[in-house]
Structure formats: C-alpha cells, structure tokens
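Participant: Take a look at the letters that make up each chain.
Protein chains: 4
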Amino acid sequence: MEPIRRRQLIDATVAAIHEHGFADTTVSRISALAGVSSGIVHHYFGGKDDLLEATLRAIAAELRRDTTDRLARASSPRERIDAVIDSNLDPERFTPTAVSAWLAFWSQVPTSARLARIQRIIMRRVHSNLVHALRQMQVPSERADRIAMGLGILLDGLWLRAAFEESGPDPKSALALVRDYLDSHLRELRHEEPA
Amino acid sequence: MEPIRRRQLIDATVAAIHEHGFADTTVSRISALAGVSSGIVHHYFGGKDDLLEATLRAIAAELRRDTTDRLARASSPRERIDAVIDSNLDPERFTPTAVSAWLAFWSQVPTSARLARIQRIIMRRVHSNLVHALRQMQVPSERADRIAMGLGILLDGLWLRAAFEESGPDPKSALALVRDYLDSHLRELRHEEPA
Amino acid sequence: MEPIRRRQLIDATVAAIHEHGFADTTVSRISALAGVSSGIVHHYFGGKDDLLEATLRAIAAELRRDTTDRLARASSPRERIDAVIDSNLDPERFTPTAVSAWLAFWSQVPTSARLARIQRIIMRRVHSNLVHALRQMQVPSERADRIAMGLGILLDGLWLRAAFEESGPDPKSALALVRDYLDSHLRELRHEEPA
Amino acid sequence: MEPIRRRQLIDATVAAIHEHGFADTTVSRISALAGVSSGIVHHYFGGKDDLLEATLRAIAAELRRDTTDRLARASSPRERIDAVIDSNLDPERFTPTAVSAWLAFWSQVPTSARLARIQRIIMRRVHSNLVHALRQMQVPSERADRIAMGLGILLDGLWLRAAFEESGPDPKSALALVRDYLDSHLRELRHEEPA
DNA sequence: GATGAATGAGGGTTCATTCAT
DNA sequence: TATGAATGAACCCTCATTCAT
Numbered sequence: 001m002e003p004i005r006r007r008q009l010i011d012a013t014v015a016a017i018h019e020h021g022f023a024d025t026t027v028s029r030i031s032a033l034a035g036v037s038s039g040i041v042h043h044y045f046g047g048k049d050d051l052l053e054a055t056l057r058a059i060a061a062e063l064r065r066d067t068t069d070r071l072a073r074a075s076s077p078r079e080r081i082d083a084v085i086d087s088n089l090d091p092e093r094f095t096p097t098a099v100s101a102w103l104a105f106w107s108q109v110p111t112s113a114r115l116a117r118i119q120r121i122i123m124r125r126v127h128s129n130l131v132h133a134l135r136q137m138q139v140p141s142e143r144a145d146r147i148a149m150g151l152g153i154l155l156d157g158l159w160l161r162a163a164f165e166e167s168g169p170d171p172k173s174a175l176a177l178v179r180d181y182l183d184s185h186l187r188e189l190r191h192e193e194p195a
Numbered sequence: 001m002e003p004i005r006r007r008q009l010i011d012a013t014v015a016a017i018h019e020h021g022f023a024d025t026t027v028s029r030i031s032a033l034a035g036v037s038s039g040i041v042h043h044y045f046g047g048k049d050d051l052l053e054a055t056l057r058a059i060a061a062e063l064r065r066d067t068t069d070r071l072a073r074a075s076s077p078r079e080r081i082d083a084v085i086d087s088n089l090d091p092e093r094f095t096p097t098a099v100s101a102w103l104a105f106w107s108q109v110p111t112s113a114r115l116a117r118i119q120r121i122i123m124r125r126v127h128s129n130l131v132h133a134l135r136q137m138q139v140p141s142e143r144a145d146r147i148a149m150g151l152g153i154l155l156d157g158l159w160l161r162a163a164f165e166e167s168g169p170d171p172k173s174a175l176a177l178v179r180d181y182l183d184s185h186l187r188e189l190r191h192e193e194p195a
Numbered sequence: 001m002e003p004i005r006r007r008q009l010i011d012a013t014v015a016a017i018h019e020h021g022f023a024d025t026t027v028s029r030i031s032a033l034a035g036v037s038s039g040i041v042h043h044y045f046g047g048k049d050d051l052l053e054a055t056l057r058a059i060a061a062e063l064r065r066d067t068t069d070r071l072a073r074a075s076s077p078r079e080r081i082d083a084v085i086d087s088n089l090d091p092e093r094f095t096p097t098a099v100s101a102w103l104a105f106w107s108q109v110p111t112s113a114r115l116a117r118i119q120r121i122i123m124r125r126v127h128s129n130l131v132h133a134l135r136q137m138q139v140p141s142e143r144a145d146r147i148a149m150g151l152g153i154l155l156d157g158l159w160l161r162a163a164f165e166e167s168g169p170d171p172k173s174a175l176a177l178v179r180d181y182l183d184s185h186l187r188e189l190r191h192e193e194p195a
Numbered sequence: 001m002e003p004i005r006r007r008q009l010i011d012a013t014v015a016a017i018h019e020h021g022f023a024d025t026t027v028s029r030i031s032a033l034a035g036v037s038s039g040i041v042h043h044y045f046g047g048k049d050d051l052l053e054a055t056l057r058a059i060a061a062e063l064r065r066d067t068t069d070r071l072a073r074a075s076s077p078r079e080r081i082d083a084v085i086d087s088n089l090d091p092e093r094f095t096p097t098a099v100s101a102w103l104a105f106w107s108q109v110p111t112s113a114r115l116a117r118i119q120r121i122i123m124r125r126v127h128s129n130l131v132h133a134l135r136q137m138q139v140p141s142e143r144a145d146r147i148a149m150g151l152g153i154l155l156d157g158l159w160l161r162a163a164f165e166e167s168g169p170d171p172k173s174a175l176a177l178v179r180d181y182l183d184s185h186l187r188e189l190r191h192e193e194p195a
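Line by line, the protein sequences give chains V, D, P and S.
So the first sequence is residues 1 to 195, counted in the numbering used here.
So the second sequence is residues 1 to 195, counted in the numbering used here.
So the third sequence is residues 1 to 195, counted in the numbering used here.
So the fourth sequence is residues 1 to 195, counted in the numbering used here.
Just so you know, not all the hints are guaranteed correct.
All copies of an identical chain are treated as equivalent in the list; a pair is satisfied when it fits inside any one copy or across any two copies.
[Claimed, not checked] Once the Cα atoms are required to be at most 25 Å apart in a straight line, the calculated DMTMM-like pairs of lysine to aspartate or glutamate come out as:
#  : residue 1 : residue 2
1  : Lys48     : Asp170
2  : Lys172    : Glu142
3  : Lys172    : Asp49
4  : Lys48     : Asp180
5  : Lys48     : Glu19
6  : Lys172    : Glu192
7  : Lys48     : Asp66
8  : Lys172    : Asp183
9  : Lys48     : Asp82
10 : Lys48     : Asp69
11 : Lys172    : Asp86
12 : Lys48     : Glu79
Please keep in mind that the hints were generated in silico from the structure rather than gathered at the bench.
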C-alpha cells in the first residue's frame, strides 16, 4: 500500500504546484487531488515539508533514471553528451507541469537547506556526466569544465523560460540551441589543436 | 515622506525575500526590517500584493535605468550589446540578495498574472535591445532573433545559478561566458558571408 | 456531527449578540461561548457572514415553525389571526436574548442585501397570514391589508421595545394591546356593515 | 470654530451611518464626508464613541425642538397630541437617512449604557407629552398611560419599517394609521362615559 | 490503514487613536 | 486650529497538524 500512496501523493503534489503555485499548494489540495484524506499525508510522510522533499527527490530520480538509461545506450562520448542533453530536454519531461514544479523548488533553494542539498546533487551529476564525456573526447580538463558549465547554464535557462510559457523556444529549437553551443565549442577546439 | 517610506519598504521586501524566502516573507517581517509598524504597508501600498508588485517593478526599473545609461554611453552596435550584457551581470546587481529576489518573483510568474505581465515586459526589453543592436551589425533578422534568445537564456541561467550560490561562475567568468557566446556566433556569421 | 455543531454555533451567536451587541460579536467570542475553537466556524460555515445569515434564518425558521403549528390547531379565521399574534408574542420567544438578536439583525438590513432578503420574507409571511385570515372573515381586501399592516407594525414596535428592556409592556399587556387593536377594527367594520 | 466643526462632524456621522451602516462607519469615513482630517474627531470629541453619543443627542434634540415648537403652537389638548405625532412623522425627519441612523443607534442600546440612557430619556419625553395631553382631555390616568404607550409603540414600529424601505407605509398613511388609533380609543372612551 | 473533525498559531488587514508638525 | 503619518491591537480567516474513531 505504501509505495502506491506515496506515488499518488507525490504526483498530486506536482499537479497542485503546477495548478495553484507553490504558495497555494496546501495539504488539503494535494490530498484532494490524490483522492485521499488530508491526514494521510502525515501518515506516509512526516509532514508537508517531507512530502515536498520527497517530491523533489522523486522528480530528480526520474531525470537521473532517464539519463542513466540513455547513457547506457550511448556508444560514443559524443552520444553520451547528447544523452545528457536529450534527457534534460525530452518533450515528455519538458512540460509546463514539470517545469513549473522545478521552478517552485528552485525558488526554495536559497532558503531551504534540505532542498538545496538535493538541488546541488542534481546539478553536480549533470555537470560531471558532461565533463566525463568531454574528457573522453580529449577535451582538456579546464576547458571541459567550462563547456559543461555553459551547457548546464543553458539547460537551466531553457527550463526557466519554459516555466514562463510562450517566452521560451519550443523543445526542438531548445535542443538545437544547446547542440549548437556544444558544436561550436568542439569545432573551436579542433581548430586550435593543429596550432 | 511618501517616497522615502516606499523605498524603505521596497528595500526591506527585497531583504526579507533574500533572508527568509518568498513564502516566509510576511508583512510583519518586512515592516520590522524597515523599522516601521506593520500597518504602514497598507498606508503606502494597498496591501502586501501591491508592495510585492511595486518591489518587482522597482528592481526592474533599476535594471532598465542602468541599461539605458550604458546604452547612452555606447558608441557602436557592439558596445550596445555589451551594454545590455554588462548591466545584467554588473557585480553590483549580480548579488545574492538581488538574485534570490528575482528568483522568488520568477517562481510566482506561472500563477500570478500581475507579476507575469511585468516579467514579460522586462524580458522583451532585453530581447529587443539585443536584436536591435544585432540588426545594426547587419545580422539577418531571423539570426539576430536566435542569437538574442540564446543570450537571454544564458543570462537567465546565470542569474538562476547565482541564486544557488557557489554552483555558478563568478561575475567575471559569467561575463566571459556570455561574451564568448556572442563572439563565436558573430565569427561564424563572418565566415558564412564570403560564401 | 455537523447538525450538532451548527446548532451549537448558531445558539452561541445569538447569545453573543445579546451579551456584547452585534458590533462586538466576534468569531472568537462565538466559538468561546460554544466551547469550540475559532477555526470551526469556517469549517461548518463558510465564514462569519454565513454564520450570521444562518443564525437569522434559524430564528426565523423557529418563528415560522411555531406559527405554522398554531395555525394548524386553529379552527376559525379569528383563531388563525390569534395564532399569528400569539406566536410572535409567545413569552418563550419574546425574551431579551431573542429580541436583541432580532434588533441586531434589523439594524443590518438597510446595508446588507443578504439579510434584507430574509427579513423581507419573514415580514411578508406574517402579513400574508394575517391578510388571509382577515379575508376569510369577509374583511374587504384593501381594509384587510391596512389592518394587517397595523398589526405588523405594532408587533415590530413591541419587539423593539422589548429589546430596550423595561421600556416596553410585559408579554401579557403586549398581547392585550395587539388584540385590542384587532378587536376595535373588527368592531368598527361590523358597525359599518348595516349602513 | 468649535460649533461649526461639531455640527459638520455630527452631520457627516448621520450620513455615514446611512450610507455604509453602523459597522462600517469609521472615523476616516466620517471625517472624509465632513471634509476634514481624521484627527479632528479627537480634537472636538474625545473619540469615536463620544462623537456617536453626541450624534444621538443631536438628532434627539432636533426632534425635541420640533415637538416643543409644535406644542407651543397648539391650542387644545387634542392639538397637543397631534403635535407630538406630527413631529415624529414629519416627512422632513421621517427620511431614510434619519431613520437608518435611529435604527443603528437603537441596535446599540441593549449593550451601550450611554446610548441606553439617552434613548430612555427620548422615549419618556414622548410618552409624558402624550399622557399629559390625554389627562387634559379627562382620560383617566391608567387609560392615558395605555393609550400613550400604544401610540409610542406604533410610532417606533413605523420608524423601524421606514428603515426597511418599501415594507412600510408612506408618511401620509403612517400619519393616518396613528391618528386612527388615537381616534378609535377616544371614541371608545366617550361611549363608555355615559354608561 | 484511513478518515476528517478539531485545534490554534500565524497570516493579511482594518482602524481608533496618538502626536509631531 | 488642523493635519495626516504612524502605531499596534484586534479582527477574520487559512492551514499544517493531531487524534479519536
């Protein structure tokens, strides 16, 4: 019963955040969306904060799982980089619902140590995945770090814009924009090499 | 008296958001930080929401003023682009306090029509300033639009990371990263031209 | 549970109005009198206004119920008129508590559309009951209307005075006063007939 | 200056009560209507309660003045009774504004000792004026008292209904109703006398 | 395991009152 | 005499949390 209820409540939390915003996401609204009583939240989670933390962990785990799957199927360093980018911009995850949930959590990061910790882990994972693949492509350490950071920042910026609806590019252009950034930097590297 | 009190309260609002986060920014906390009574907020602003809106408008106006000043001093299209970038990454404004306030407001955008409207205006201004300057450099319309969007997304991503402390680049590297993005695209354009 | 709590709160509201007056009837006072927490008001009624409306409806329903019962037991038009008068002046309802609650609601009628609506219905019911019975006694329509209005006004005046304690007649004299008014008008009619 | 300001504020208080109801009659609204600052109320009256008391006193004094004038012009006991009735139903005073102010004050009577005292004086004056005139017409003491009380109750009931708009008779019918009550009782007395 | 009635702290807001000017 | 900026207590209401069932 427990895993079912926990998932129900986490899904309902994401839905509630998207629908009403973080500030108006109340325990009753979440439980109403989940079709259960309000007391259940404290039964399966310690309280509202624990549910929120679990929700962030859950959507983070989803992203990680997808990235891991794609990485496993990749057969070259370049494909490994694309795996990371693609999983971040996968239209199935790059939805208004997901994106506004992320934004809501992000806004709590500066003042919530618990969420900040999780957020840091997520970011570092993306970064290290990118750096790792770049290093395999013979990109020098310091350079790999810079490119990975640029890619990470672009991805974050795209997610942010996606939360504002209409003011960001569609998933396809978003992908092109990030790939373009990567390509131009790799091209640049190749031109330098002979020198 | 009015302009003084309004500024006091707006400054206190930014400070409160930075210190406690958007959700825990209460009228009493704001007024305590401003060193005035809680009733004063409703005297000078209609209520909490109006104060929040005024605060977003104020920090947006500050950014616009700085951009306008820099644009006025620019003597070439390239300098105009740099003016926009520099004012967005000016270390004086690129502070944890300012940046977490922005993030807090951003998180309200998906569910607050009032704030969304202001946010849209701010974004569009940055975008059109960039596009305008790029067009003056003979960049084709569609291309100018894409580069401007890329720059805007990078800037947003950088602000977002700045709010997470430590996980973003320092102001100097941030500037380099954005300039680098611009340069590589302009270089690319020049290579295409002869062809 | 719901009907019990609702009744508790409605009774407490009447008591609070009697004790402190309408203006000083706060939600906390009501809930304290009812022996429950303040939050409960919003759980069982939407808010304070809804509780107040429900309270007026409840005391109006009580009056109507009593009138209906008496009307059912009446076996002549004259007894039907007495039924209406008696139920309005029944010592059990003609108490300081009940009477000051009515006055409090009356004072809100000129500025509260919700309460005005209910008040209008109550008044019309008394009036039409009286007119109906008078018509059965062969009193001409226009005359019946006038007598009924006079009776209604007397009843209202008596309730008003009852709220001022001491300055009104005791229930018994009140009853005599109203019956006397009715009798003299009926007598008058009989004298006219032969003419 | 003082008498001018006091009158301004008292008039504004009556207007505010009529317009917004007793509960929403705030000091700022009153002073706004009077065209003066809010602080002035505490300068000329001790506070809000004192202003309210002064307002009740003022409208009571107005009624008394009018009654006194009419009584002075009356040349027979019967005219003296009519004087009292007429001044209570004078269309100039029997207005929605005046009437809703009275009702508002009445509703405070059960819980305000200060206002109750004034109210008691007003009622007693009307009563004693009526009794006095009836005694001059040779009506036995106990009978005069009863008739005067009936008249007083009718007048109160009429004022109450006037506050409910539409549900009461027009000033003319109101007058007829009260005079009719008086006449039928006097006639009755004459019939008894010979017996 | 699950409910939802009940609590009460804390939120935004209003407003009578004070007081420096 | 007159102002209106400023206060802070008290209002209604929301909601995370508890707990008897």
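Participant: Now tell me, hint by hint, if it's right for this structure.
Facilitator: Results of checking the hints against the structure:
With identical chains, the CA atoms of Lys48 and Asp170 are never at most 25 Å apart, being 34 Å at best within one copy and 35 Å at best between copies. Taking CA atoms no more than 25 Å apart as the test, Lys172 paired with Glu142 passes between copies only; the shortest distance there is 16 Å, against 30 Å inside one copy. In this assembly of identical chains, Lys172 and Asp49 lie within 25 Å of each other by CA distance neither inside one copy nor across copies; the values are 35 Å within and 37 Å between. For a Cα distance limit of 25 Å, the shortest separation of Lys48 from Asp180 qualifies neither inside one copy, at 42 Å, nor across copies, at 44 Å.
In this assembly of identical chains, the alpha carbons of Lys48 and Glu19 lie at most 25 Å apart whether taken from the same copy (17 Å) or from different copies (21 Å). Taking CA atoms no more than 25 Å apart as the test, Lys172 paired with Glu192 passes between copies only; the shortest distance there is 24 Å, against 30 Å inside one copy. Taking the shortest Cα distances, Lys48 and Asp66 never come within 25 Å of each other, neither inside one copy (27 Å) nor across copies (42 Å). Taking CA atoms no more than 25 Å apart as the test, Lys172 paired with Asp183 passes in both settings, with 16 Å inside one copy and 24 Å between copies.
Taking the shortest alpha-carbon separations for Lys48 and Asp82, neither the intra-copy value of 37 Å nor the inter-copy value of 45 Å comes in at or below 25 Å. In this assembly of identical chains, Lys48 and Asp69 lie within 25 Å of each other by CA distance neither inside one copy nor across copies; the values are 31 Å within and 47 Å between. In this assembly of identical chains, Lys172 and Asp86 lie within 25 Å of each other by CA distance solely inside one copy; the values are 10 Å within and 29 Å between copies. In this homomeric assembly, Lys48 and Glu79 never come within 25 Å of each other (Cα to Cα): the closest approach is 40 Å inside a single copy and 50 Å across copies.
Of the numbered hints stated above, those contradicted by the structure are hints 1, 3, 4, 7, 9, 10 and 12, listed in ascending order.
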